[in-house]
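J.: Below are the chains, spelled out letter by letter.
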Amino acid sequence: MRLEEIQPRLAAKFGERVGALAPANKDAFVPIQAADIVEVCKFAKEDPDLAFDCLMNLSSVDWPKKNQIEVVYHLWSYAKRHALILKVVLDRAQPRIASVESVWKSADWLEREQFDLMGIQFEGHPDLRRIMLPDDWVGNPLRKDYAEQPQWHNITTTRDNSLEGYVRLDELKKKAAEAAAASKKEMPS
Amino acid sequence: MSKALEIPTMDMENKEVLRRIEISGDMLLNMGPQHPSTHGVINFLVQTDGEVMKRAIPEVGYLHRSLEKIGERCTYNGYMPYTDRVDYIAAMFANQGWAMAVERLLGMQLPRRAEYCRIVACELNRISSHLISVGTMAMDVGAVTPFPYALREREFINDLLEELCGARLTYNYLRIGGVAFDLPTGYEEKVSTFLDHFEKILDEFNRLITYNEIFVKRLANLAPISKEMAIDYCLVGPNLRASGVDFDVRKALPYSVYPEFHFDVPLGKGEVGTQGDAWDRFWCRVEEMRQSCRILRQALAQMPKEREIMGKVPRKIKIPEGTEAYSRIESARGDMQYYVVAGAGENAHRVKIRTGSFTAMGIIDTLSRGLMIADLVALIASLDVVAPEIDR
Amino acid sequence: MPKDYQQDFGSIITSKTSFIDEIINLARKSSIFYLLFGLACCGIELMQTGGPRADIDRFGSVPRATPRQSDLMIVAGTLTYKMAERCRLLYEQMAEPKYVISMGSCASCGGLFQYAYSVCKGVDKLVPVDIYVPGCPPRPEALTEGLMRVQDKIVRERWFTARQKIGQPQPSLGVDYKVTA
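Respectively, the protein sequence lines represent chains C, H and E.
Per our numbering, the very first residue in the first sequence carries number 336; after that it's consecutive.
Per our numbering, the very first residue in the second sequence carries number 30; after that it's consecutive.
Per our numbering, the very first residue in the third sequence carries number -13; after that it's consecutive.
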């Protein structure tokens, strides 16, 4: 089934809550509200004509200018060989959405990754904790306003220019040589 | 003179996961992250009584190199070397996924010779990636000798690819709109000689290892994955095909010039055990190498004569902000997908790379209950996970 | 060889070793066991260097999986902050005298991941490195050369005559000292 046939089936079941097929900016998608995501996904999986048995990809995009975070679900059906893209728009200050882990098991790790890197809270997820970064990392790196800490566990995050480093080592050697020469001069006297 | 080196602190006691597991007399051991057979730096928290495991929880992120964030800083063409590092064993495929996604954003076509060069490079890379996979799997099960055999064959492929693009491992061969270099003179004969030699090696490999009684006994009926489970956890590639799902992106959603070649897709049949067990996954990879040889011979025979290797690409690639594209390719480890959202300016706004190994890690927790520790090693090897694909 | 290069080997270098020193060092340099610390792409080239063509087993170097049995740690690949503590722990578990080769540009200085938030810019922030092998990834021949330089270092060590302290890292690039001179 093509996207133009899938969207009417969703709209027939859910009515107003499913948006119109967004214009094809290379890949057309169906916008959904955050509150309906689990219902829509369950229907997409269990309906015999749609049969989306696989959640291929779950990613999130940060749009600071629009003050939004978009969560994008790419669904795929092995039985019918068709694809669907769902998009949910969340508020950037408090991004919360229900977890679809009860529908597809692959959402488990995909949602943990987005929680870790973008900071989206997935409600109902059995085990929501950091996956890529250390457990005590501060911040969500994929956000556009992420600022790197100057050090983590006493390891500095920058590396100075080698040329400046060599200059520093030369100065140290010079000082050490001067100190040695000074102490030698003092000894006989 | 100078202060002492400040040693970073070890903070192992504070892990949340320790509070979630009920230990009840078992040991909680770390298998990894530095381990000779976890296929890269992956850690497993294993709750075991010494031999049989209750749970094995994978912990990843030890090779998280923030490639997706770097994608937001690089120009489209400049990101190509970073895609090599997404899966360094099968780097050509990662290159191709990125190139296809950006070419979809631009809406451009490639000259036929460029497509053929890509296929030759990619199929050679598929063979070398599967060689590492089957070699390390044999080594993990205990047979140390097949690994140097696989490395020896891989050296020949490294030589061929080095002649093509200059690098042995992280190729950076593809460009947006084509490839970087054309095939050198005499390349077709060299590859044909290698394929003649290699197909005999594959038969020897099958006699020595694949149908070896000890190997079969170790791997048959180990962690069989049913079709529904494989689809639910979104396994891809040889893992999926070993469970019986007939899906190969090259056949189902053909891209590039794959429709012009005749090749089979090996499916697991449960020949020596259950369908979808570890031996099936191993066998699928060996057979895929044979099919890659077939594709290579056809590609070299049908190579177009016009020596055009780059399409018409603007000097500075600028795409309207918000345009998004999705590309799917059949990498050595399965269905690799790139989700690219174009940004204002010359770089992308968001790059998401979805690899097969990432979702395969999610299934290990479920499959490992009741297995022995040696079986866990064989299970990880049969799923062919590599750390860079998981962590990116 | 320029004068600075010889001095930079640290305080254990002299040009004269006695006969017993030479025997001991010959035995030590011909059996360097290295710790398999392949983290990323350089790890594959490390495997190929131990493989059939560029065989470092002919130098007597075999890979060991445990730090307790190895003299050389080849840090092959990108070091992330999450892995950094384990790297330091493994280095401390090795017995003296121990050497570190930083293989590849990611281990030497962070490589092409300078803009990454999770990559440690150089393994020498944590462990003192003896030999840096450049490359991305270095060819097996380059890593073999790095191993031979470690052998050169070993050959010059003195065991029975008066020598200055060994094992103390000199102030060098990258190591996170707070220099107050």
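Careful, some of the hints might be misleading.
As the list claims (entries may be wrong) - Calculated pairs, EDC-like style, for lysine to aspartate or glutamate (alpha carbon to alpha carbon, straight line, at most 16 Å): (1) Lys345/H <-> Glu375/H; (2) Lys479/C <-> Asp275/H; (3) Lys440/C <-> Glu132/H; (4) Lys98/H <-> Glu381/C; (5) Lys377/C <-> Asp261/H; (6) Lys98/H <-> Glu483/C; (7) Lys440/C <-> Glu350/H; (8) Lys440/C <-> Asp480/C; (9) Lys347/H <-> Asp188/H; (10) Lys380/C <-> Glu375/H; (11) Lys415/C <-> Glu350/H; (12) Lys400/C <-> Glu257/H; (13) Lys440/C <-> Glu375/H; (14) Lys380/C <-> Asp394/H; (15) Lys415/C <-> Glu101/H; (16) Lys401/C <-> Glu132/H.
As the list claims (entries may be wrong) - Across the chosen pairs, the derived CB separations fall in these ranges: (17) Ala428/C <-> Leu282/H: 37 to 47 Å; (18) Arg135/E <-> Ala403/H: 35 to 45 Å; (19) Pro213/H <-> Pro38/E: 37 to 47 Å; (20) Lys280/H <-> Val473/C: 39 to 49 Å.
In short, the hints are calculated from the structure, not lab data.
Note that CB positions come from ideal geometry on N, CA and C, so glycine has one too.
J.: All hints, please: hold or fail.
T.: Here's how the hints hold up against the structure:
Under the criterion of a C-alpha separation no larger than 16 Å, the hint pairing Lys345/H with Glu375/H is consistent with the structure, at around 7 Å. A C-alpha spacing of about 41 Å is found between Lys479/C and Asp275/H, which places the hinted pair above 16 Å, so the restraint is violated. A threshold of 16 Å between alpha carbons decides the hint, and for Lys440/C with Glu132/H the separation of about 32 Å lies outside it, so the pair is violated. The hinted pair formed by Lys98/H and Glu381/C fails the criterion: a straight-line CA distance of about 36 Å is larger than 16 Å.
With a C-alpha separation of about 13 Å, the suggested pair Lys377/C and Asp261/H falls inside the 16 Å cut-off, and the hint holds. With a C-alpha separation of about 12 Å, the suggested pair Lys98/H and Glu483/C falls inside the 16 Å cut-off, and the hint holds. Distance restraint check for Lys440/C and Glu350/H: the Cα-Cα separation of roughly 33 Å exceeds the 16 Å cut-off, and the hinted pair is therefore not satisfied. Of the pairs offered as hints, the one joining Lys440/C and Asp480/C is violated, with about 31 Å between alpha carbons and a cut-off of 16 Å exceeded.
Between Lys347/H and Asp188/H, the direct Cα distance comes to roughly 36 Å. Violation of the 16 Å bound is thereby established for this hinted pair. Distance restraint check for Lys380/C and Glu375/H: the Cα-Cα separation of roughly 38 Å exceeds the 16 Å cut-off, and the hinted pair is therefore not satisfied. As the CA atoms of Lys415/C and Glu350/H are separated by approximately 33 Å, the hinted pair breaks the 16 Å bound. At most 16 Å may separate the alpha-carbon atoms for a hinted pair to count; Lys400/C and Glu257/H exceed this at roughly 42 Å.
Pair hint Lys440/C plus Glu375/H does not hold up; C-alpha atoms about 37 Å apart against a cutoff of 16 Å. Distance hint between Lys380/C and Asp394/H is unfulfilled; the C-alpha atoms sit about 24 Å from each other, more than 16 Å. The straight-line distance between the Cα atoms of Lys415/C and Glu101/H is roughly 35 Å, outside the 16 Å bound, and the hint therefore fails. Simply put, Lys401/C and Glu132/H have alpha-carbon atoms about 27 Å apart, too far for the 16 Å limit, and the pair is violated.
Checked against the given bound of 37 to 47 Å, the beta carbons of Ala428/C and Leu282/H, roughly 39 Å apart, stay inside it. Remark: the range hint 35 to 45 Å for Arg135/E to Ala403/H is upheld by a beta-carbon distance near 39 Å. Distance hint check: the CB atoms of Pro213/H and Pro38/E are about 25 Å apart, inconsistent with the given range 37 to 47 Å. Checked against the hint of 39 to 49 Å, the pair Lys280/H and Val473/C passes, with Cβ atoms roughly 47 Å apart.
In summary, the numbered hints that this structure violates are 2, 3, 4, 7, 8, 9, 10, 11, 12, 13, 14, 15, 16, 19.
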